[in-house]
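Engineer: Sequence:
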Amino acid sequence: MHAAVVAATVVLGCLWAWLAKRRRENLYEQKSVLVVGGSSGLGLALAHELKRRGAEVTITSRTKKTLTTLKRKFGFKTAVVDVTSDESVASLSTEYDMVFCCNGLSIPSTVHDLDMSKMYACMDTNFYGVVRVYLHLLHGSSPGCGKRLVLVSSTLGLHSFAGYGAYSPSKAALRSFYESVWMESSQAGLDLSIYYVSTINSPGLEQENQTKPEVTKRIEGSSYGRGADPKNRAETLLNALPAPIVVSDAITRFFLHSTEIHTLADYFTWRVAPLFWFIFQWMTMRKVRNMAGK
Numbered sequence: 001m002h003a004a005v006v007a008a009t010v011v012l013g014c015l016w017a018w019l020a021k022r023r024r025e026n027l028y029e030q031k032s033v034l035v036v037g038g039s040s041g042l043g044l045a046l047a048h049e050l051k052r053r054g055a056e057v058t059i060t061s062r063t064k065k066t067l068t069t070l071k072r073k074f075g076f077k078t079a080v081v082d083v084t085s086d087e088s089v090a091s092l093s094t095e096y097d098m099v100f101c102c103n104g105l106s107i108p109s110t111v112h113d114l115d116m117s118k119m120y121a122c123m124d125t126n127f128y129g130v131v132r133v134y135l136h137l138l139h140g141s142s143p144g145c146g147k148r149l150v151l152v153s154s155t156l157g158l159h160s161f162a163g164y165g166a167y168s169p170s171k172a173a174l175r176s177f178y179e180s181v182w183m184e185s186s187q188a189g190l191d192l193s194i195y196y197v198s199t200i201n202s203p204g205l206e207q208e209n210q211t212k213p214e215v216t217k218r219i220e221g222s223s224y225g226r227g228a229d230p231k232n233r234a235e236t237l238l239n240a241l242p243a244p245i246v247v248s249d250a251i252t253r254f255f256l257h258s259t260e261i262h263t264l265a266d267y268f269t270w271r272v273a274p275l276f277w278f279i280f281q282w283m284t285m286r287k288v289r290n291m292a293g294k
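For the sequence shown, UniProt numbering begins at 1 and goes up steadily by one.
Hints are computed from structural coordinates only; laboratory data are not their basis.
Among the clues, some could well be false.
[Unchecked claim] So the derived label-pair ranges between C-beta atoms look like this:
#1 Asp115 / Lys65: 26 to 32 Å
#2 Met285 / Asp113: 40 to 46 Å
#3 Asn290 / Ser142: 16 to 22 Å
#4 Leu275 / Glu184: 21 to 27 Å
#5 Leu256 / His112: 29 to 35 Å
#6 Ala250 / Asn26: 27 to 33 Å
The beta-carbon is built from N, C-alpha and C at its ideal position, and this holds for glycine as well.
Construct the complete structure from the given sequences, taking the supplied hints into account.
Structural biologist: As structure tokens, then:
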């Protein structure tokens with residue numbers, strides 16, 4: 001009897017895993033997908049994995065030559081897009097089933113080397129660039145159309161440390177923006193997800209390491225492991241969707257759920273804060289839905 005129960009449990013577990021895998025595969029099969037910033041790093045890894053799962057993939061870059069090479073080599077559809085330009089983003093089609101915003105720029109520096117040009121550059125690419133894409137897609141959506149936009153934030157958008165005074169605020173802004181608009185966006189036919197991703201071994205990382213302060217490298221330590229491979233980061237995201245919030249690894253999950261506790265009052269508040277936030281979100285969602293129905 002005991003052996004039969006164990007066998008049945010194993011069979012059901014395998015069946016559940018197979019069905020879950022099929023559901024994930026079917027999520028992308030024959031879907032039209034746009035990967036903004038898809039010429040390298042996470043974006044290119046997503047493009048490859050999406051194509052493997054049956055999606056029709058279009059990638060964007062600011063550089064036509066790069067796109068020509070990738071189109072010839074891998075067969076992707078391409079579009080030259082600069083997310084820092086309203087006119088360039090406006091040229092995009094709004095008919096995609098899914099859009100991944102992988103555009104990103106990191107300029108690490110000490111506070112002594114921080115200046116407004118670095119702040120503007122990071123904000124324009126990492127935050128305003130994503131908002132431009134969002135607004136463009138939102139205006140092309142309608143209730144019930146079921147489109148999805150995936151925002152790519154960062155572990156450093158949750159909490160930060162020395163060296164990322166220009167980068168982290170731009171990724172934190174994405175988190176706040178997502179929390180502000182996701183309910184209304186869903187009502188309008190554009191579902192949102194946000195991906196908090198840790199270090200990715202990419203050409204962008206190699207470039208930022210050239211100017212990264214030594215203290216930042218010491219803090220990051222061993223974050224450049226096998227998990228930082230772009231393919232791994234891409235699979236983690238695609239396997240988790242359509243979840244609204246996705247994290248790339250355990251450290252990022254700690255960052256997501258951590259809070260600062262300085263006093264006894266902070267400790268007791270922390271104990272009940274999750275329940276408060278659950279109730280607050282439920283009430284907010286209810287009000288948004290009621291207003292949408294009027």
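Engineer: Which numbered hints turn out to be false for this structure?
Structural biologist: none
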